[in-house]
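Place chain B on chain A using the hints.
Chains as they are written, first to last, in my numbering: chain A, 1 to 185; chain B, 1001 to 1185.
Keep in mind the hints are simulated off the structure, nothing from the lab.
Check the hints yourself; a few may be wrong.
Among chain B residues calculated to face chain A with C-beta under 10 Å, some are [said to hold, decoys possible]:
no.: 1; residue: Glu1098
no.: 2; residue: Leu1101
no.: 3; residue: Ala1133
In silico BS3-like pairs for lysine-lysine, Cα to Cα no more than 30 Å straight-line [said to hold, decoys possible]:
no.: 4; chain 1: A; residue 1: Lys82; chain 2: A; residue 2: Lys132
no.: 5; chain 1: A; residue 1: Lys182; chain 2: A; residue 2: Lys83
no.: 6; chain 1: B; residue 1: Lys1132; chain 2: A; residue 2: Lys120
no.: 7; chain 1: B; residue 1: Lys1185; chain 2: B; residue 2: Lys1082
no.: 8; chain 1: A; residue 1: Lys142; chain 2: A; residue 2: Lys120
no.: 9; chain 1: B; residue 1: Lys1132; chain 2: A; residue 2: Lys166
no.: 10; chain 1: B; residue 1: Lys1166; chain 2: A; residue 2: Lys120
no.: 11; chain 1: B; residue 1: Lys1083; chain 2: A; residue 2: Lys132
no.: 12; chain 1: B; residue 1: Lys1142; chain 2: A; residue 2: Lys132
no.: 13; chain 1: A; residue 1: Lys166; chain 2: B; residue 2: Lys1120
no.: 14; chain 1: B; residue 1: Lys1132; chain 2: B; residue 2: Lys1120
no.: 15; chain 1: A; residue 1: Lys142; chain 2: B; residue 2: Lys1132
Source: prediction; values computed, not measured.
Beta carbons: idealized from backbone N, C-alpha and C, even for Gly.
2 protein chains.
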Amino acid sequence: MDEKKQRRITIAVDMDGVLADTETHFIKYYEEESGEKVNRNSLLGVPENIAFPDKTAVRRYVHTAGFFRTLPLIRGSVSAIKKLMEEFDVFIVSAAMEFPLSLFEKKQWLEEHFPFISWKNIVFCGDKSIIKADYLIDDHIKNLDNFSGTALLFSASHNVHVNHHKRLNNWEEMLEYFEALKQNK
Amino acid sequence: MDEKKQRRITIAVDMDGVLADTETHFIKYYEEESGEKVNRNSLLGVPENIAFPDKTAVRRYVHTAGFFRTLPLIRGSVSAIKKLMEEFDVFIVSAAMEFPLSLFEKKQWLEEHFPFISWKNIVFCGDKSIIKADYLIDDHIKNLDNFSGTALLFSASHNVHVNHHKRLNNWEEMLEYFEALKQNK
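Just chain A, with the same shape it has in the complex (with noise of 0.2 Å):
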């Protein structure tokens, strides 16, 4: 941490449907065990964990191995990480504990799709109440709801219905917002 900045401004980014696109890995998980797809417009504004007609599954599958491992991006994501990294100081915080078999997975995943990302800047936890940054990118409220800092409202099926957080709908906007706030300082 020689070359460490002191000043610079901080930003706490959750991966699992922030930077990883869980929602369509369950859709596949889903399809592939019960031969039934379903439809995006049946998950809104319906927690993750009972939103398929199966109530067990999504709880099945995040303790399956390979699920963490093998999750794909959200559309945007890398090119957006680096780009914040330019002007912030960018940690990858998520609530990776209550899965342990997925600790070792979200690191491998980290280091095939954000190799640029630094083993410092990683965060595995529970209670995101712990984490210090001036700002927290993320789609569950239950994390933003005790965040200390700006909590930024990323959007996802399950949290269509939030409205007392600040909503970036994607990586666009969300560097649109960073980009505004860049000019104004």
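For chain B alone, coordinates are given in the frame of chain A:
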């Protein structure tokens, strides 16, 4: 987190050298590998990674499967953490991200020795500057120096010459420190 107590003082506690006795484990591994029993006095004031005659040994051990899973406990750590949890919100915060293989082993080690700690209160990170807590108990000044709360140095052979942080020599002294804090509230 329905019963979350918003106002409790938070204590972040390091693992290696604070809960887990890495020093004893290094000495044991070194003796088993080389036949040489290293005297503890030779470790005083020397960074751990270069404290042994073979300078490549420690780096090799921390990348050896099983090393973190089989660490012995620092004397008094289990009962001390239990005691602290009665009054404070305790988070285990380990800079485990440097050694990805250790992630699962460290989680398993905590489940074995500290089964009363929730996954919500465990953090594996790199740079601890992202941690927000009132206290940090750690044996490494690199972690304590950047901490925004009260830094408490847990004594270890490698840090005997450090004198710019409040030093506590063992878990008995640590409990006395927090007991005094409680009395003075």
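The hints, checked one at a time:
no., hint, verdict
1, Glu1098, "holds, 6 Å"
2, Leu1101, "holds, 7 Å"
3, Ala1133, "holds, 6 Å"
4, A:Lys82 <-> A:Lys132, "holds, 21 Å"
5, A:Lys182 <-> A:Lys83, "holds, 13 Å"
6, B:Lys1132 <-> A:Lys120, "holds, 16 Å"
7, B:Lys1185 <-> B:Lys1082, "holds, 21 Å"
8, A:Lys142 <-> A:Lys120, "holds, 25 Å"
9, B:Lys1132 <-> A:Lys166, "holds, 23 Å"
10, B:Lys1166 <-> A:Lys120, "holds, 26 Å"
11, B:Lys1083 <-> A:Lys132, "holds, 26 Å"
12, B:Lys1142 <-> A:Lys132, "holds, 17 Å"
13, A:Lys166 <-> B:Lys1120, "holds, 26 Å"
14, B:Lys1132 <-> B:Lys1120, "holds, 15 Å"
15, A:Lys142 <-> B:Lys1132, "holds, 17 Å"
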